[in-house]
Amino acid sequence: MLIGIAMVKGKAAIVFNDAKKFYYDDLSIYDKCITEKPELFFKYLKTYKSHDLIEINEPENYMPPSPVERVYLPAINFKSHSSESSMTQISSPYFFQKFKTSIVPHKGIAYIPKNVSKFDYEGEIAIVIGGKGKYLSKADAKSVIFGFSIVNDLSIRDYQMVEYPRYGKNWVLGKSEDYGLPYGPFILPIEDAGELYFEIKTYVNNELRQDGNTNDMIFSMDELISEISKITMLRPGDIITTGTPAGVAVHNSKVFLKDGDKVRVNVSKIGTLETLIKNEKSL
Numbered sequence: 001m002l003i004g005i006a007m008v009k010g011k012a013a014i015v016f017n018d019a020k021k022f023y024y025d026d027l028s029i030y031d032k033c034i035t036e037k038p039e040l041f042f043k044y045l046k047t048y049k050s051h052d053l054i055e056i057n058e059p060e061n062y063m064p065p066s067p068v069e070r071v072y073l074p075a076i077n078f079k080s081h082s083s084e085s086s087m088t089q090i091s092s093p094y095f096f097q098k099f100k101t102s103i104v105p106h107k108g109i110a111y112i113p114k115n116v117s118k119f120d121y122e123g124e125i126a127i128v129i130g131g132k133g134k135y136l137s138k139a140d141a142k143s144v145i146f147g148f149s150i151v152n153d154l155s156i157r158d159y160q161m162v163e164y165p166r167y168g169k170n171w172v173l174g175k176s177e178d179y180g181l182p183y184g185p186f187i188l189p190i191e192d193a194g195e196l197y198f199e200i201k202t203y204v205n206n207e208l209r210q211d212g213n214t215n216d217m218i219f220s221m222d223e224l225i226s227e228i229s230k231i232t233m234l235r236p237g238d239i240i241t242t243g244t245p246a247g248v249a250v251h252n253s254k255v256f257l258k259d260g261d262k263v264r265v266n267v268s269k270i271g272t273l274e275t276l277i278k279n280e281k282s283l
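Here the sequence shown stands for residues 1 to 283, where the numbers follow the UniProt record's numbering.
The set of hints was computed from the structure by calculation and includes no laboratory data. Note that the Cβ used here is the ideal one computed from N, Cα and C, for glycine as well. Please note: incorrect hints may appear among the correct ones.
[Stated by the list, open to error] Now the in silico label distances, taken between C-beta atoms and shown as ranges:
id : residue 1 : residue 2 : range
1  : L173      : M1        : 35 to 43 Å
2  : E39       : D211      : 32 to 40 Å
3  : S253      : K100      : 27 to 35 Å
4  : E191      : S117      : 42 to 50 Å
5  : Y48       : D140      : 37 to 45 Å
6  : L276      : A139      : 40 to 48 Å
7  : L40       : T232      : 17 to 25 Å
Put together the whole structure using the sequences plus the hints.
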């Protein structure tokens, strides 16, 4: 059973996708806090199986599949991506952050900021945190995972790839733009995921650009969670991504994203995240 949030009867509701049959819970419509507050959202999902679900057609207006607080992303966490970028593999994960203002829902629009010409895609898996934990060992890391979804780490290479003496690259301006993190459409709960092996494919206008899988990860999901929990309490609403496989435009002489492009990120067992790219000047 896949879980998300979409508009039903003009209001946000928790929706379910079970073998391409769609359902919603009427309760979630009448208590909007369930879809807005992470603690209540994940608390509700512990009991939804006892509720009466109502079958509907596939939703047309999706929202991000969970309320989001903080997003942590590892740089260069796939061996193939490390190779294409000519970067030496590091001994511990290097993280940067995106903000909830970057979130774009499934079938939403991501706007290219003005004066940006190198707007790039990075298809990734989102590890959706549903519990609290700090100083977690790798063995305990899964205890805070609710499930898995899809993100596209849209990146402004114009800023990110500029080297500043003594400071390195500008990860903040290169990664934290508005509309820079499409997320969705559904979450696959960890209890339904089986083996934590996923395949990732990214398409731009039906052209396959990225094709990888989680066996290529340098640091495992457990290692990523454990590392972040050394310095901050992980909480419901946090997201940790896996990193991206090879195939990004900046390292492969590919055409960067432009106005009108359609990007699809497909992750096995979860589904496909679709995003339309538009120039912000057209707002």
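Inset, instruction - Sort out which numbered hints this structure fails and list those numbers smallest first. - result: Failing hint: just 5.
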